[in-house]
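Colleague: Chain by chain, the residues run as shown.
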Amino acid sequence: MSNKHKNVERMVEWSADRLIAWRKPLLALFLLITVAFGYSATGIRLDPGFNKQIPVNHPFMQNLLHYSDTFSGANNVLVSVRWKGEGDIYNPEFLSALRQVTDEVFFIPGVRRASVSSLFTPNTRYIEVTEQGYIGDVVVPPHFNGSEEDLQQVRRNTERSGQIGQLVANDLSAAMVRADLQEINPQTGDKVSYVAISRQLEDIRKTFENDNIGIDIVGFSKLTGDVVAGLIDVMWFFLIAFVITTLLLWLYCRSVKLTVVSLLVAMLPVVWLLGLLRIMGMGIDPMSILVPFLIFSIGVSHAVQMTNAWKQDVLGGKTSMEAAHSAFCKIFVPGALALLMNALGFGVIMLIDIPIVHELGVTACLGVLLMIITNKMMLPIIISHLQLERAAESINVVPDGRRHKVWWPLSRVAEPRTGLVVFAVSLLLLVGGAWKSRDLIVGDVSAGAPELRAESRYNQDNASIVERYSIGLDLLTVYVENQVGDGDACLDPDVMRAVEKLDFHTRSIPGVQSVASVAGMGKVTIAGNNEGNPRWAAIPGSERGLQAGSQAYSDEHGLVVEGCETMQVVVYLSSHEGTQVERTINRIEEIIASIDEPKVEFKLAGGNVGVQAASNEAVKKAEVQMHGALLASVALFCWLTFRSFRAVLCIIMPLAIVATLCNALMASLGIGLKVATLPVLALGVGVGVDYGIYIYERLQHELSLGKDFREAFYEAMVQRGTASLFTAVTMSIGVGTWAFAPLKFQADMGILLAFMFLVNVFGAIFLLPALAAWFNRAKRLVRVERVKGAEMAVSEAAG
Amino acid sequence: MYRVISYSFCLLVAALVLFAFSPRGAEEENSEPLNLGRVQINDLVAVNGRLIAVGERGTIVVSEDNGQNWQVTHRDGEIPVTLTDITALTDQVLLAVGHDSVILRSEDAGLSWELIERDSELGEPLLGSWSADGQNVYVYGSFGKFWLSADAGRTFEPQELPIYGEHLSAMAGDEDKTRIIVGEMGLVLRSFDGGDAWEKLDPFYNGSLFGVAHLHGTRWVAYGMRGHVFFSGDDGDSWTQVNVGGELPLYGHAVASSGKQMLIVGTAGFLVIMNDEGELLETGSIGGLGTLTSAVILPDGEIFVAGQRGLMQRSHNLVAAWAK
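Protein sequences appear in the order of chains B and Y.
Note that the first sequence covers residues 2 to 800 in this note's numbering.
Note that the second sequence covers residues 2 to 325 in this note's numbering.
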């Protein structure tokens, strides 16, 4: 053991020699790399690939991808014109606004013009069964001039058009313009810019909103626009975090030089990372945009460790270069190992089977590994050129013979009685946390777009539309395959009754707004062909009876392919909250299981709710795997380092408690466990383990010198505690500012990370020593080392 | 001692953490899986303080408390065929008919049902049934189907009518032997002998009629497409159109027990109230249920309606004006 440690030490020593000897060419090389990566980083693009959110290996998503060519995804935009005045929408002012909004939407580049529909478009027709048969015409007559008579006609036609609930609000308080978007603008051949469309939609809102008219806009393009706008705001949070960090750094070290150096060095891995990503052909995803911030925070904390060690040696009388050499020797091993631990934590995230999360994991992992070069190699070179200011000399130094004002009283936790109190408090917190954490919801907790806050304009618009219409943007698709062979499956009563059964029972699921299926359309058409009598609206038991509905079996409604071999049933939901999604999927699976029809096969599930369901299941599956893998690898690493089972327990117990408390916090704050938040737990544990390792390492060292436990712990705290606490506070504040970010998932990530960083340090300075003290009383944790000064030569006492 | 305490602390923590991270199942809800607000109801009847409604995919629901709570007594499990009409033969015996010529019969006021008839070959619907005495029962429907049962709805025999296979939509009769059937394309049939011999009346309307009601004496009302309502004060010899000021089709009705007033409902909640002189008293609309198919009047004079989107709605304000 000792020899091995000696070897490592010699290696580090040799590396330090080389580093200092070649410091000039190395610095030039690093600077060159920085310039190159920096140049590359300027071209980094925001890459909101929303397909990346799909857990591709989930059976739901295999079906979704398989059928995505058959049934085009509904990338549409809904502009709801809302009447805020007296009465309902049938008045000249409202209808004039609706007509103009229809025109404006029609002329937005990228809108598929044939798809634009509102009461004013020619594709919105009413059908009336009259004495002579069918009459069909446009809802708003061409000669419409707003007279009372015309208004009555529009009212009548609308009622007969079947558009109430679709294009017109159920309570007649609003009417919408619906349009599909294209991927490519056919006029210019360019890719359609969602951000530009979002801006044009916002212009429409500005033009038409007044005291009587409100405009609600939802749609993927609008959402993208709002999210991108939110991302730009995030840059301000980076600035705020930067300023706060700077201030705290300066307060901590009282040295402008060290502050600037620490900040610069912490920025380096960010620049390198962005440059590298660009070279690797990757962009920055909205979800992983916070990774650079996180890397910066971690960078600052490691820079503080290094400069702190350097400063102590400089104050001890060494030259800058000698101090840099010794700082490298002291910090490289624990620092690099801590960074490897972080990388491990981030790597474990990749267990979540969703591309976007893989990307996050890769980005974070890469960033942390780069830090080993920038922080552990470049920083010592830089500080070897530095001269410490006078002002910085007296700060954070405990005068000889006096006890530290904070750490000495705190070290009482090492006494058995205080230790018991710590145990009791920990257990109390854990019991409460474990109980509360049972309420944690997998998936989204609130309605509306999860990227944005509930009170954001977009989500208010969404709520307004969901409340007024029977359709919305949250939809679930069930694909239907049948084995009818030759002939039209839509004329097969068994097939149609099976589809009808799914439609009928799915409609009853709480939270389902409406269901669109070929059976439902068929019933309406059959009734229409039989004098419009609603009692005819049924699926008859014969092929002949079904023929009356044949207009409904056309592929232009998007519910079937020609010949009805493949169908889809579209379920509109009022929200995509986790419990709603789970309940709906479970119930639909029950309904499908109850349909005993061998000709038909139902396949779940498409639509954004299908994606959500698959993601939630992937997250649920990954949650246990991730925590298991994380704790197991932390345990293994700690055991390899300290060779003591009890040391592993001392470090793991606080982490496990904090992870549970974090779940409880999420449940209390209404944050769901989802793609955006699960990685945070891994990041939190990965970063949080540092404190425990740093403090335990010192504690073990001091114990091996033969000190009593409290004294040893006090020494560990004096040497490592201040830096750890400073780091925790700085990082918490840095990420905590995200809590005010306009994007919901960033706010959630910020709150959770801040909590994890902060509470983990408490676990490490309270529970770890209390537990270690009790273990130590049963049997000494560490055998006293005879040779004084051989710091690393710590041997194990069986745990 | 120290060892026991420290290790048991760790064990306790481990147990609690495992509990916290063990699979969190969503609690199961045991609510009625059918949301009646999402089921199309085609007919509604009030018998002896009980409401019974039939509709989509064989659904039959019964309420003992004037529509506050509903019990589903027939589901789509066995017979997933939409029912179009329900008729009370007595307080206890009920007959429901529907698509695929399905006839269901209940002898316990709607709690349990027996299948009498089903024809999946043709798959054509029956649209109604009517009985004067609870013993002789007519069922009728698409393509001129007109069947008679002499044993309170247990067996049926087809009957002849002087028509060419038109759809028959509705039938009504007085306390005596006058009967009227209405149907497709202005078809009106009348019998003065309790249903043995039928004559085709001269068409007074070329559209389809969906309902007919007997008010009292020789006064009748027929209604159908595009807001057409016709009144006859002479047992159907002459009919005059009642202008209801709307062009929405009408599908169902309820007559006050006095026979002095009548309510007709239809598309988009359209509601017509008229008196026994053929005069329009009021029109209105009941929102939220889509197209209304049927209505009943509760003992307290309130209107209970049912339609495309269930039967959960009562209208209080209209009743007050109407019941006087």
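Simulated from the structure, these hints should not be mistaken for laboratory data.
Be aware that one or more of the hints could be misleading.
[To be verified] Here chain B is said to cover these stretches of chain Y; the calculated rule only asks that three of the stretch's residues, wherever they fall, bring their Cβ under 8 Å from a Cβ of chain B:
#	region
1	16-25
2	81-92
3	189-203
4	272-283
5	294-300
[Claimed, not checked] Pairwise CB distance ranges, derived in the manner of DEER restraints:
#	chain 1	residue 1	chain 2	residue 2	range
6	Y	N70	B	E468	25 to 31 Å
7	Y	D134	B	P511	56 to 62 Å
8	B	P143	Y	N244	27 to 33 Å
9	Y	G260	B	K600	47 to 53 Å
10	B	G163	Y	S121	46 to 52 Å
11	B	T131	Y	L116	33 to 39 Å
12	B	R156	Y	G260	55 to 61 Å
13	Y	S121	B	T189	55 to 61 Å
14	B	T189	Y	N207	53 to 59 Å
15	Y	N207	B	E468	31 to 37 Å
16	Y	F20	B	A779	22 to 28 Å
Virtual Cβ for every residue (Gly too), placed ideally from N, Cα, C.
Colleague: Let me make sure I understand: some of the numbered hints might not hold for this structure. Which ones are they, in numerical order?
Modeller: 3, 4, 5, 7, 10, 12 and 15
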